[in-house]
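Put together the whole structure using the sequences plus the hints.
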Amino acid sequence: MPASIFLNVAVSGLLTGLVYGLMALGLSVIFGVVRVVNFAHGEMMTVAMYIAVVLFSAYRLDPLLMLVPIAGVLFALGYVMQAGLINPFINRPEHSQFMLLVAVAMIMVNALLFIFGPDARSVQTAYAYDSFQLGTLIVDATKVYAAVAAAAVAAGLFVFFRYSLTGKAIRACADNYQGALVVGLDVRRLYALTFGLGAACVGAAGAMLVLLLDVTPALGPSYTLLAFVIVITGGLGSMPGALLGGMLIGVTEALAGLLFTPSAKSMFAFGLLVLVLLFRPQGILGKSAS
Amino acid sequence: MRAPWLDGAPSREIILLCLLLAALILFPALANDYLITVLILIFYFAYVGQAWNLMMGFAGQLSLGHALYVGLGAYAAAALYVHFGISPWLGLWVSVAVAAGTGGLIGFLAFRFGVAGVYFAILTIAFAEFARLAFDHWSWVGGSAGFFLPVANYAKNDLVNLRGSPTMFYYVLLAMTVGAFLVCHALLRSRAGYYWLAIRESPEAAQALGINLFRYRMYVVVLSAAMTSLGGVVFAFYYNNLFPEQVFHISRSIELILAPIIGGIGTLFGPIIGAFLLTALAEGLDEIMRTAGLDIPGVKQIFYGVCLLVVVMFLPDGVWPPLAKVLQLDGQRGQDQPGC
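As you go down the protein sequences, you meet chains A and B in turn. Under this note's numbering, the first residue of the first sequence is numbered 1, with each subsequent residue one higher. Under this note's numbering, the first residue of the second sequence is numbered 1, with each subsequent residue one higher.
Think of the hints as simulated: they come from the structure by calculation, not from any bench. By construction, the Cβ of each residue, glycine as well, lies at the ideal position given by its N, Cα and C atoms. Hints may contain errors.
Restraint-style ranges between C-beta atoms, simulated for each label pair [claimed, not checked]: (1) 183(B) to 271(A): 34 to 44 Å; (2) 182(A) to 117(B): 20 to 30 Å; (3) 94(A) to 183(B): 22 to 32 Å; (4) 135(A) to 150(B): 57 to 67 Å; (5) 280(B) to 94(A): 43 to 53 Å; (6) 182(B) to 118(A): 38 to 48 Å.
Some chain A residues well away from chain B (every beta-carbon gap over 12 Å; in silico) [as the list claims (entries may be wrong)]: (7) 7; (8) 77; (9) 160; (10) 177.
Among the chain A residues that face chain B by a calculated CB cut under 8 Å, a handful are [stated by the list, open to error]: (11) 107; (12) 113; (13) 172; (14) 232; (15) 281.
Next comes the structure, spelled out in structure tokens:
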């Protein structure tokens, strides 16, 4: 196989991986602050994908333009979930939190199945078959747009956490829960805000992913797993780690699909996860055990 | 007088249990085929739930990938039967060995490298998903197109090859459920059982008291995997078809932990009560949907999800502990006893 094929596939995987990374970023932000593993992450993304599909099929609204409103809807969903369901569980044992979110995930998947049925839905934009060419490198325009948008959203989130007062307050909650309470931060509201922001990342990622692949309700659990794989590979709680992990998994899956069979590509992602868990459990960019 | 192996259990409990068991033994003579298949499902979930509960409820190790052991057990016994004509009673030893070996491998990797809590749960999911994809591409056992056992002639029961009517499976699974209950009951009163409870409550304190955490965690994972795989063997011979997409899927892993969670994690009756409640309610819902002429996918799972949500929110210890209080079945139990 000529080298240019590898390069093409790797670049395409990298761009898709950036969108995966944005999705995983949401999971990482939520875990880093609220210390709850969002087992309904992929399911929330399928919800966002279906919103994008409905908006497109009913009103011809381009998912890339709808990115912000969809992220807003998911933000509200995340805020309400944290404020109403998860906050009372903050001091419960880990398995109890898992189960709560597993229940939410089950309800989401099957509510989608109930409403939309099991068939795959997709969005066909006018620019679906456009591509850019750089020498021997040919990349889908859609993937470039999606990746650029993902990078922009991630950068925005990064700036928010680094420079805004609310962002600093959220980081304070993550660093020292007791301390945050002592200085009078409204930790529960900040948690809800954080969960909302994490959900907004998923919403934005979902709006873009709908351009890259067809959506079915069954996609939810597999994307929850994918988000775990990415976040653990990159480092749970590390923002750059999530993006790096996303790109790494994107490239791994793309190359595995090329060299072996596409249906087995996730095996390589899981293999990578097992290796990381065993040899660097804190992830590539994660801080060592706290 | 009480039997020595039930020492510590109130006699009222034993009488109720014996009555229940007698009713269940006589049940097939009175009930129709539909009710028997419902009870088969209940026993299956009670059995695998008990096996999972051993690991999570007693030793505090959360596995979200138990479908892996069901699937390995099912495929091993079914493949030996179909390809070599080996009776499932011999094949099940291979199933147990394969599942226990895999459980041991996961346990070894996790406990040796300090993978715990969230990470352990995700590691178990990862192995189950890995197996799902691997079996999808393994043509010797049919790959993603599925693996089928020759369908039996239901007129005649062949216990040696586990080919027969639902009534035969009813008794096999009833025996397994009772057996699992007795095994777990005995284990809880053994040295290992007390060690597991100590590890569940506080690994640091347990270690300080000289309990070998690694060894006892390994025991419980291997044991739980082995027990679960037997459920898989029966699953394969009862349903006669296996698809990796269904057998190993994460939703199967979740489904089989619902009964113990709803019934009560860490209790011996929890998985049984949970399986009864969940299956009976789900079948009732099915029946209502059928008579209403509705056929909508997902309703049953939404119902499961809502049940799970309600239980984790309002009954964090499950249904059994408050129920036991109402039935006054926990009277003579000390604080140190695992509620059962």
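Each hint tested on the structure:
1. One distance hint, 34 to 44 Å for the beta-carbon pair residue 183(B) and residue 271(A), holds here, with the actual separation near 35 Å.
2. The given range of 20 to 30 Å is respected by residue 182(A) and residue 117(B), whose C-beta atoms sit roughly 27 Å from each other.
3. As the Cβ distance of residue 94(A) to residue 183(B) is approximately 27 Å, the hint placing it in 22 to 32 Å holds.
4. Range check, residue 135(A) to residue 150(B): Cβ separation about 59 Å, and the 57 to 67 Å hint holds.
5. A hinted range of 43 to 53 Å is violated for the C-beta pair residue 280(B) and residue 94(A), which are about 30 Å apart.
6. Here the CB-CB span from residue 182(B) to residue 118(A) is close to 42 Å, well matched to the stated 38 to 48 Å.
7. No Cβ of chain B approaches the Cβ of residue 7(A) within 12 Å, the least distance being about 27 Å, so the stated non-interface status holds.
8. In this structure residue 77(A) is separated from chain B by more than 12 Å, as the shortest Cβ-Cβ distance comes to about 16 Å.
9. Chain B leaves residue 160(A) outside its interface by the beta-carbon criterion, the shortest separation being 26 Å against a cut-off of 12 Å.
10. Separation of residue 177(A) from chain B is adequate, the least Cβ-Cβ distance of about 18 Å exceeding the 12 Å criterion.
11. At its closest, the beta carbon of residue 107(A) sits 4 Å from a beta carbon of chain B; the interface hint therefore holds under the 8 Å criterion.
12. Restraint check, residue 113(A) versus chain B: the minimum CB separation of about 4 Å is within 8 Å; hint holds.
13. The closest approach between the C-beta of residue 172(A) and any C-beta of chain B is roughly 23 Å, which is over the 8 Å cut-off, so the hint fails.
14. Interface hint status for residue 232(A): upheld, as the beta-carbon distance to the closest one in chain B is roughly 7 Å, under 8 Å.
15. For residue 281(A), the suggested interface contact is upheld, since its CB lies about 6 Å from the closest CB of chain B, less than 8 Å.
Violated hints, listed in ascending order, are 5 and 13; each of the other numbered hints is respected by the structure.
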